[in-house]
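Asks: As a plain string of letters, each chain reads:
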Amino acid sequence: GAGVSQSPSNKVTEKGKDVELRCDPISGHTALYWYRQRLGQGLEFLIYFQGNSAPDKSGLPSDRFSAERTGESVSTLTIQRTQQEDSAVYLCASSPTGSLGYTFGSGTRLTVV
Amino acid sequence: ELKVEQNPLFLSMQEGKNYTIYCNYSTTSDRLYWYRQDPGKSLESLFVLLSNGAVKQEGRLMASLDTKARLSTLHITAAVHDLSATYFCAVDSNSGNTPLVFGKGTRLSVIA
Numbered sequence: 001g002a003g004v005s006q007s008p009s010n011k012v013t014e015k016g017k018d019v020e021l022r023c024d025p026i027s028g029h030t031a032l033y034w035y036r037q038r039l040g041q042g043l044e045f046l047i048y049f050q051g052n053s054a055p056d057k058s059g060l061p062s063d064r065f066s067a068e069r070t071g072e073s074v075s076t077l078t079i080q081r082t083q084q085e086d087s088a089v090y091l092c093a094s095s096p097t098g099s100l101g102y103t104f105g106s107g108t109r110l111t112v113v
Numbered sequence: 001e002l003k004v005e006q007n008p009l010f011l012s013m014q015e016g017k018n019y020t021i022y023c024n025y026s027t028t029s030d031r032l033y034w035y036r037q038d039p040g041k042s043l044e045s046l047f048v049l050l051s052n053g054a055v056k057q058e059g060r061l062m063a064s065l066d067t068k069a070r071l072s073t074l075h076i077t078a079a080v081h082d083l084s085a086t087y088f089c090a091v092d093s094n095s096g097n098t099p100l101v102f103g104k105g106t107r108l109s110v111i112a
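As they're listed, the protein sequences go chains A and B. Residues 1 to 113 (this note's numbering) make up the first sequence, in order. Residues 1 to 112 (this note's numbering) make up the second sequence, in order.
Accuracy of the hints is not assured; some may be wrong.
Below are the BS3-like pairs computed for lysine-lysine, each with C-alpha atoms no more than 27 angstroms apart in a straight line [as the list claims (entries may be wrong)]:
#1 Lys11(A) x Lys104(B)
#2 Lys57(A) x Lys3(B)
#3 Lys15(A) x Lys41(B)
#4 Lys57(A) x Lys15(A)
It is worth saying that the hints were derived from the structure and are not from the lab.
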């Protein structure tokens with residue numbers, strides 16, 4: 001596609017439920033990143049995929065968070081047993097190999113009630 | 001661990017005035033990025049600075065990089081309301097695709 005696509009754009013879920021967020025990167029972009037942005041805050045790195053290499057999961061805040069990526073295509077970020085502190089905008093970005101800078105998606109606004 | 005600090009975090013300025021946003025980072029890097037974020041929107045790339053002394057300008061915004069001082073500045077000239085947004089700087093510490101580390105952002109409000 002022309003840009004990085006994320007779905008859903010908004011998600012309201014009850015505390016304790018699992019949620020799955022989707023990111024469809026720009027075609028041909030080998031690198032994919034997930035960031036979290038809490039209200040009024042900066043971007044917090046979560047996880048990074050580069051081609052077929054093992055993902056860099058160093059930013060995942062707890063074992064409730066996991067992410068998968070199918071080849072160099074779609075990625076899903078799963079949050080299990082959601083907590084209120086998980087409420088945030090989850091941003092996905094992609095870039096070609098060796099590129100300088102990212103293209104961001106519009107984000108998924110997650111609200112845990 | 002790479003850390004990125006921006007200041008100020010909040011900036012209210014009058015139309016027509018000039019101001020500078022500062023971005024300091026903690027480890028050696030020669031790649032620095034500036035992004036803009038409008039409320040409720042995603043991040044838009046503004047500048048990519050790749051070497052010591054790099055300077056880039058777009059309209060009323062000018063960004064520069066001093067890798068020896070580990071400092072980048074975003075200078076705003078003759079501010080207009082349309083520049084109201086949050087500005088983030090970001091740094092990566094290696095070549096290739098490594099996660100960018102972002103500053104906390106500077107929320108700019110330009111008032112008449």
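Asks: Each hint should be assessed against the structure and marked as holding or not.
Replies: A quick look at each hint next to the structure:
no.	hint	result
1	Lys11(A) x Lys104(B)	holds (25 angstroms)
2	Lys57(A) x Lys3(B)	holds (18 angstroms)
3	Lys15(A) x Lys41(B)	holds (26 angstroms)
4	Lys57(A) x Lys15(A)	holds (24 angstroms)
In terms of the numbered hints stated before, the structure departs from none.
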